[in-house]
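K.L.:
Assembling the complex is the task here: the two chains are given apart, and the hints tell you how they should meet.
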Amino acid sequence: MADASPSFALGDRVRIVDLGKAGHVRTPFYAREKVGVVDHVCGAFENPEERAYGREGGRRVPLYRVRLMQRDLWPDYEGAPNDSLVLEIYHHWLRPAREQEASR
Amino acid sequence: MAERLITDIGGMPDGEVPRPDVPMLFWEKHMIATFNVLRDKGVFNLDELRRSVEGMAPEAYKKSTFYGRRLDGMTDLLVEKGVIDREELAARTAEILRAGTRDHG
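Chains as they are written, first to last, in the working numbering: chain A, 1238 to 1341; chain B, 30 to 134.
Calculated directly from the structure, the hints in this document are not laboratory data. Everything numeric in this text was worked out from a predicted model, so none of it was measured. Be aware that a few hints might be false.
[Stated by the list, open to error] Some chain B residues well away from chain A (every beta-carbon gap over 12 Å; in silico):
#	residue
1	ASP50
2	LEU118
3	LEU126
[Said to hold, decoys possible] With the C-beta cut set under 8 Å, the calculated list includes, among others, these residues of chain B facing chain A:
#	residue
4	GLU32
5	ARG33
6	ASP37
7	GLY39
8	GLY40
9	ASN74
10	ASP76
11	GLU77
12	ARG79
13	ARG80
Note that beta-carbon positions come from the ideal geometry of N, C-alpha and C, so glycine has one too.
So here's chain B without its partners, still in its complex pose (with noise of 0.2 Å):
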């Protein structure tokens, strides 16, 4: 018996679903529209996105969000793939968050 995926929940006992009203960030857009690009180019396809955000470790998955989850996958994915360097990423995004975000003042 294959084990269940964190995703896989319909019919689990759970609380009340809650429905923040939540203002999309600016990083949120970017992020998505990066992921459409690179859906369309053929770098990854969307079921390898599903399977990359399903293998996020429980905890880390149920603290995050739709768009954490999805960046999170997006970023194993080209990791996995061999296109971004996880080091450069870091490197990269210390450098972006130092010189301040419309979403990180």
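Bound conformation, chain A alone (with noise of 0.2 Å):
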């Protein structure tokens, strides 16, 4: 199954998106709905939340480090306002953010 989807690149505002999915995911709740800056591209691989059960040898999926402000993420932060937290999303779950768009 080919992937559509144009990958991010280094620097690309990405929204951290909730695809409600059940099972075993690896994007936290509180990180969703969130807007980040692509920090890393990490390289691709197999999907966990595939690999959780049993089902090896998938597709690659690109796996990306998101780097999210940390006075995003928690509405009462009281650390430096530069303060940030990088997490690794994979691909589907972020879908590209235009410049004026802030995390929910």
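P.N.:
Shown next as structure tokens:
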């Protein structure tokens, strides 16, 4: 099964979406619907959501490190305004985000 | 909306994180070694272990430990895959405990 959506590049603004998917997923709830920037393109790996049920050898999915601002994640964040957090997120949990688009 | 996994607790209110200095027990080392061998031989993969642990009953998960969860997750996977039989495992465990181990006098 080919992946039609384009891959993201370093510096791209992305929104982590909420796929509402049950089972073994690796995108934490607190990061869903947040907007960040691609910090590193890690390569492509088999989808752990499939491997978790023994389905090995499937299509490889691009994995990215996405940098999120702490103040976007936590409404009451009291640390430095430029504090950030980097999460590894698989391609299918990401959508392109516009320049002005904010976290929800 | 999918239910939040028992392991997905980032940002949820909780008390202080206890950081006790706990020495590693012999069975824990033995279990990790067994786990690594079974994973390297392709009996299961790490994502399956995570899925198995996430499927634990919440109360059992909370009462357990890092190694306890891994042991139970691994055992459930081996039963699921037909590698071991639960009754056989229980019988052998009882036999070993009767004889005594380094961790169980």
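K.L.:
Would you mind marking each hint as holding or not holding in the structure?
P.N.:
Against the structure, the hints come out as follows:
1. ASP50: holds, 28 Å
2. LEU118: At about 21 Å from chain A, B:LEU118 clears the 12 Å cut-off, so the statement holds.
3. LEU126: holds, 31 Å
4. GLU32: holds, 7 Å
5. ARG33: At 5 Å from the nearest chain A Cβ, B:ARG33 passes the 8 Å test, so the hint holds.
6. ASP37: Holds: closest Cβ of chain A sits about 5 Å from B:ASP37, inside 8 Å.
7. GLY39: holds, 5 Å
8. GLY40: holds, 4 Å
9. ASN74: Because about 5 Å separates B:ASN74 from the closest Cβ in chain A, which is inside the 8 Å limit, the hint holds.
10. ASP76: holds, 4 Å
11. GLU77: holds, 6 Å
12. ARG79: Holds - the Cβ of B:ARG79 comes within 8 Å of chain A, reaching about 6 Å at its closest.
13. ARG80: holds, 4 Å
Of the hints listed earlier, there is not a single one the structure fails to meet.
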